[in-house]
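Asks: Assemble chains B, C and D with the ligands onto chain A, guided by the hints.
Below, each chain spelled out in residue letters.
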Amino acid sequence: MGLGSDMYRQQILDHYKSPRNYGEMEDPTFTHVGENPSCGDTIKIDVQLDDDEETIEYVTFSGDGCAISQASASMLSERLQGMSLDELHDLDTDDITEMLGVTISPMRVKCAVLARQVAQDGAKLYHGDVEDLDITKTED
Amino acid sequence: MGLGSDMYRQQILDHYKSPRNYGEMEDPTFTHVGENPSCGDTIKIDVQLDDDEETIEYVTFSGDGCAISQASASMLSERLQGMSLDELHDLDTDDITEMLGVTISPMRVKCAVLARQVAQDGAKLYHGDVEDLDITKTED
Amino acid sequence: MSTQQTYPIDVESIRQDFPILSRKVGGDVTVAGESENDTEPLVYLDNGATSQTPTQVVDAIVDYYYGYNANVHRGIHQLSQEASVAYEEAHDRVAAFINANGREEIVFTKNTTEAMNLVAYAWGLEALGPGDSVVATEMEHHASLVTWQQICKRTGAEIRYIQIDDEGRLDMDHAAELIDDSTRMVSAVHVSNTLGTVNPVGDLCDLAHEHDAFAFIDGAQAVPTRPVDVKAIDADFYAFSGHKMLGPTGIGVLYGKEEILEAMNPYLYGGEMIRSVTYEDSTWEDLPWKFEAGTPVIEQGIALHAAIDYLDDIGMENVQKHEELLAEYAYDELSAYDDVTIYGPPGDDRGGLVAFNVDGVHAHDLSSILNDYAVAIRAGDHCTQPLHDKLGAPASARASFYIYNTTDEIDRLVEAVDAARQLFA
Amino acid sequence: MSTQQTYPIDVESIRQDFPILSRKVGGDVTVAGESENDTEPLVYLDNGATSQTPTQVVDAIVDYYYGYNANVHRGIHQLSQEASVAYEEAHDRVAAFINANGREEIVFTKNTTEAMNLVAYAWGLEALGPGDSVVATEMEHHASLVTWQQICKRTGAEIRYIQIDDEGRLDMDHAAELIDDSTRMVSAVHVSNTLGTVNPVGDLCDLAHEHDAFAFIDGAQAVPTRPVDVKAIDADFYAFSGHKMLGPTGIGVLYGKEEILEAMNPYLYGGEMIRSVTYEDSTWEDLPWKFEAGTPVIEQGIALHAAIDYLDDIGMENVQKHEELLAEYAYDELSAYDDVTIYGPPGDDRGGLVAFNVDGVHAHDLSSILNDYAVAIRAGDHCTQPLHDKLGAPASARASFYIYNTTDEIDRLVEAVDAARQLFA
Ligand SMILES: Cc1ncc(COP(=O)(O)O)c(C=O)c1O
Ligand SMILES: Cc1ncc(COP(=O)(O)O)c(C=O)c1O
Chain A
1 MGLGSDMYRQ
11 QILDHYKSPR
21 NYGEMEDPTF
31 THVGENPSCG
41 DTIKIDVQLD
51 DDEETIEYVT
61 FSGDGCAISQ
71 ASASMLSERL
81 QGMSLDELHD
91 LDTDDITEML
101 GVTISPMRVK
111 CAVLARQVAQ
121 DGAKLYHGDV
131 EDLDITKTED
Chain B
1001 MGLGSDMYRQ
1011 QILDHYKSPR
1021 NYGEMEDPTF
1031 THVGENPSCG
1041 DTIKIDVQLD
1051 DDEETIEYVT
1061 FSGDGCAISQ
1071 ASASMLSERL
1081 QGMSLDELHD
1091 LDTDDITEML
1101 GVTISPMRVK
1111 CAVLARQVAQ
1121 DGAKLYHGDV
1131 EDLDITKTED
Chain C
2001 MSTQQTYPID
2011 VESIRQDFPI
2021 LSRKVGGDVT
2031 VAGESENDTE
2041 PLVYLDNGAT
2051 SQTPTQVVDA
2061 IVDYYYGYNA
2071 NVHRGIHQLS
2081 QEASVAYEEA
2091 HDRVAAFINA
2101 NGREEIVFTK
2111 NTTEAMNLVA
2121 YAWGLEALGP
2131 GDSVVATEME
2141 HHASLVTWQQ
2151 ICKRTGAEIR
2161 YIQIDDEGRL
2171 DMDHAAELID
2181 DSTRMVSAVH
2191 VSNTLGTVNP
2201 VGDLCDLAHE
2211 HDAFAFIDGA
2221 QAVPTRPVDV
2231 KAIDADFYAF
2241 SGHKMLGPTG
2251 IGVLYGKEEI
2261 LEAMNPYLYG
2271 GEMIRSVTYE
2281 DSTWEDLPWK
2291 FEAGTPVIEQ
2301 GIALHAAIDY
2311 LDDIGMENVQ
2321 KHEELLAEYA
2331 YDELSAYDDV
2341 TIYGPPGDDR
2351 GGLVAFNVDG
2361 VHAHDLSSIL
2371 NDYAVAIRAG
2381 DHCTQPLHDK
2391 LGAPASARAS
2401 FYIYNTTDEI
2411 DRLVEAVDAA
2421 RQLFA
Chain D
3001 MSTQQTYPID
3011 VESIRQDFPI
3021 LSRKVGGDVT
3031 VAGESENDTE
3041 PLVYLDNGAT
3051 SQTPTQVVDA
3061 IVDYYYGYNA
3071 NVHRGIHQLS
3081 QEASVAYEEA
3091 HDRVAAFINA
3101 NGREEIVFTK
3111 NTTEAMNLVA
3121 YAWGLEALGP
3131 GDSVVATEME
3141 HHASLVTWQQ
3151 ICKRTGAEIR
3161 YIQIDDEGRL
3171 DMDHAAELID
3181 DSTRMVSAVH
3191 VSNTLGTVNP
3201 VGDLCDLAHE
3211 HDAFAFIDGA
3221 QAVPTRPVDV
3231 KAIDADFYAF
3241 SGHKMLGPTG
3251 IGVLYGKEEI
3261 LEAMNPYLYG
3271 GEMIRSVTYE
3281 DSTWEDLPWK
3291 FEAGTPVIEQ
3301 GIALHAAIDY
3311 LDDIGMENVQ
3321 KHEELLAEYA
3331 YDELSAYDDV
3341 TIYGPPGDDR
3351 GGLVAFNVDG
3361 VHAHDLSSIL
3371 NDYAVAIRAG
3381 DHCTQPLHDK
3391 LGAPASARAS
3401 FYIYNTTDEI
3411 DRLVEAVDAA
3421 RQLFA
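Line order of the protein sequences matches chains A, B, C and D. Per the working numbering, the very first residue in the first sequence carries number 1; after that it's consecutive. Per the working numbering, the very first residue in the second sequence carries number 1001; after that it's consecutive. Per the working numbering, the very first residue in the third sequence carries number 2001; after that it's consecutive. Per the working numbering, the very first residue in the fourth sequence carries number 3001; after that it's consecutive.
Incorrect hints may have been included.
Calculated cross-link-like contacts (lysine to any residue; reagent style SDA-like; alpha-carbon spacing at most 25 angstroms) [what the hints assert, rightly or not]:
(1) D:LYS3024 x A:VAL102
(2) A:LYS17 x D:TRP3284
(3) C:LYS2390 x D:TYR3279
(4) D:LYS3153 x C:ASN2265
(5) D:LYS3153 x C:ILE2260
(6) C:LYS2153 x D:SER3276
(7) D:LYS3153 x A:PRO37
(8) D:LYS3153 x C:ASP2338
(9) D:LYS3153 x C:TRP2284
(10) C:LYS2390 x D:ARG3074
(11) C:LYS2390 x D:ARG3275
(12) C:LYS2153 x D:THR3283
(13) B:LYS1017 x C:ASP2338
(14) D:LYS3390 x C:THR2278
(15) C:LYS2153 x D:TRP3284
(16) D:LYS3024 x C:GLU2089
(17) B:LYS1017 x C:TRP2284
(18) D:LYS3390 x A:THR42
Since the hints were made in silico from the structure, they are not lab data. Owing to the predicted nature of the structure, the values given are computational and were not obtained by experimental measurement.
In isolation and in its complexed conformation, chain A is listed as follows:
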């Protein structure tokens, strides 16, 4: 407080300034987009599955927005690698804040969870669990 900013500890700023796995895939198994209209955050996530169609092999993301949303996408892209779709499905908000390593204030939670939501919705669309979802929105 007053000196530094807890929510923006080194890790988040680092991922924001040098995002990992940033870009778009040629031929993803599935892809999905999302936005957070009030922030203007946008995220696109491309996922490549293993041959077992269950394990996440590789993830890229692209997008624009606040540090929280973009760093969260960057960290998540690393974290998802090797995860099963079931494990992705089970990721909750606590997992994301733990991953970020900081306390996220209530009004910024929707920035933090946007990437996870996009990945989860993408997997659901891929499985046919939902239809007709053009774009994921985390606006509350």
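Replies: Chains B, C and D with the ligands in isolation, oriented as in the chain A frame:
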């Protein structure tokens, strides 16, 4: 306070219980009706003018409603006798409360002035100063 | 008259929470608040119009303005977050109080009247047309009666009124007749603010649903005075006002079933209710915010939360018992006089209010004289003009009770009525 | 940075009237009000969203609830008369403050947004149709933009937007082009809540009247910050909110010229707004009550009266000078940095707010970091999404000032912005 009711001093109750000039005229010079929808007060006033068409010769009223509205009509019917239409026109709310001899609380003023308003509007209609006024209302 | 009375609630300690109950009256009515010539202790029996406000609720207001006043939702700074959390939790609190599913089903409006108009505009203007009917009751408050009447005029739909019987109860056979497949909406008051009748609103909702109609229940007099469970009633919409249940003016609540609210178009347009806007078009926020355009009633929502906490501490079953005790007492005391006509059902089967007339004394005169005796009641048509026409009275006097009222106060009412009777004899 | 500053108003003594300004922040945002871990003194620069509330206004609220809380208009008892007089006088006070003719022209609503919707529903839905146009500006707040956009969609009318120039000023040539004989309504914001532009609203009203159109001026940011004379402007409608001018949430004001309001149909239906009701039809009350259905915003009207008294004591000319001083100071301090973009006209020609962005720092991140430094600003689109699209920024940070703000607080803002800059470098 606590003992008697100032607003209902003897005079008002007397006029309410024994209204003067109560009834309808055969052949009035002009006549007009009014109401106070929230109280349900109604007043009809019949006026007979002198041959000069200026001086009020005789007034009757009929109607229904709260003591303030009916007593005020009764007192006014006496008071108007011999008045000129100009004098009627000039009667204001203070004149009415003075006539009633009590302080009228703000929410009851419209009861107190209904009869006066009906008489004034009747005179205006007679003179052609207003048209299209079926019924006078003192609802604020 | 009254001997030592025992109440289902601790009235004496409740009264301590309401500073206004110790005020005196009798002096200059154009000076706001107690002034020099005010000498008589107030007897406040106009709770059907508005209830008084305990320190707990006023403190919540002061705490808000001195502690965390800010605009909600979109603010990242701490004050705004604190206000947002408190404002949103107020929705949750209201939802729990009436057994709604959650904040999605709770829209804060300005009052019950606006809640009614919200549905009339957002649903009624779109959904109703010639050949459709809206079924109301003869005892509707103007809030619902005038609204549906006028929306029906604008859309060409028909409005029908369920009759009341001689005791002021709904004729449910007539209801079953009137509600048919043309019916799109049944709008009924839960507790009549004039007759004191407690209507079988669950049955009315069932009747509506049998014909695929919606049911809108006006709970303005019910939520303050008894436990209300919107799910048990199975109401599609349910509305009430903060100011009649210890809360502030300027807030009402519209409950609506989530899927119905979801399907409805917005009502007021503006900030807070949109998701995204271009110069060409707009999309809408999630529930309930879709229906709360502009800066919402933040202070009022937070204060309503405090009011509900207060009522829940007493327990709504106890509040109801107290209301019923006072209603029966007043009914009995007043009906002991031959010249008194009381409207509505008997004393042991009514909400906590008694509307009446005394032969030969106009209700407005009665109210003025009662005021001279420091007894505050309402006189008029209580926003049920057509019902009064039917009852053959342009106006009536209404004493309505709440948690801080006592049988002693009703004795003072009866004494003052007697004084008026003497005066006009 | 700032040396000893002299202000046109006595800021130090004003600050004493606002207890919240001594609160500290920094701790748990889910606890309402100051708590343990709040250690940093608050710098409140989010006045464009809502202003803080002085003791004088809060006292008026407490006095009402503890002294003379009652429902208005129809009550004969003393409390109701006191409340009625105070509530009606609040209309008179507002009328005098903006130079309206009297209470007939002053309708109390819930907020500016509802005032806009009132006219859109009661006048627009009836009056507008295909071939008609409504002319707004590119800098409209969603309250007016979304409302007219949607009412136009529903009626088949066209909506047009007056362009802004590079400095964020209205292009009045474009206005003269757009406003033509098809135009029925010109709706323009008086002071932009994003650009700080003070629009030539008198000229816009004249343009509207030349084509027999009405003009609706959104004064939400103007009435709190400068003298406003609706007659001099010749606005047909004018709206603003209590909560942005030291008043409570839950009250807005719609000014309308008497003959126009008189000719309009009612908007909300219910009690208090009727003259007489039968089961078949209804007639309406006189102005302004015709537009105030149900139990009105009594507490809020009375508190707004107190807020206006407070502002008038300071003098609106002085308030304006103070606003301008702070705006210019903030503009100069912030624009000294090359990486800062400020939206709207230059520092010496704007209302008391500055919306800006810092290269490489998202406005929401900036606001979060400023919050860590106890500086409360708003970040987002400030309910002007289309304008932000046009400016090429999804969001901006906005510092907005009021009578209790100082240049020292702006220095703290600038320091915190610098810290964010460092963090993101
Ligand atoms: C210019 C402008 N117009 C309208 C509004 C809407 O005001 P309210 O939210 O009080 O309805 C605001 C405030 O948010 C504003 O700044
Ligand atoms: C039964 C009933 N419905 C509706 C209302 C209207 O409530 P409000 O004036 O708060 O909108 C009232 C109170 O006056 C009422 O008693």
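Asks: All the hints need checking, so say for each whether the structure fits it.
Replies: Quick rundown of the hints versus the structure:
no.	hint	result
1	D:LYS3024 x A:VAL102	22 angstroms, holds
2	A:LYS17 x D:TRP3284	64 angstroms, violated
3	C:LYS2390 x D:TYR3279	10 angstroms, holds
4	D:LYS3153 x C:ASN2265	13 angstroms, holds
5	D:LYS3153 x C:ILE2260	23 angstroms, holds
6	C:LYS2153 x D:SER3276	17 angstroms, holds
7	D:LYS3153 x A:PRO37	23 angstroms, holds
8	D:LYS3153 x C:ASP2338	62 angstroms, violated
9	D:LYS3153 x C:TRP2284	15 angstroms, holds
10	C:LYS2390 x D:ARG3074	21 angstroms, holds
11	C:LYS2390 x D:ARG3275	18 angstroms, holds
12	C:LYS2153 x D:THR3283	13 angstroms, holds
13	B:LYS1017 x C:ASP2338	20 angstroms, holds
14	D:LYS3390 x C:THR2278	10 angstroms, holds
15	C:LYS2153 x D:TRP3284	15 angstroms, holds
16	D:LYS3024 x C:GLU2089	23 angstroms, holds
17	B:LYS1017 x C:TRP2284	64 angstroms, violated
18	D:LYS3390 x A:THR42	18 angstroms, holds
Hint violations for this structure: numbers 2, 8, 17, all remaining hints satisfied.
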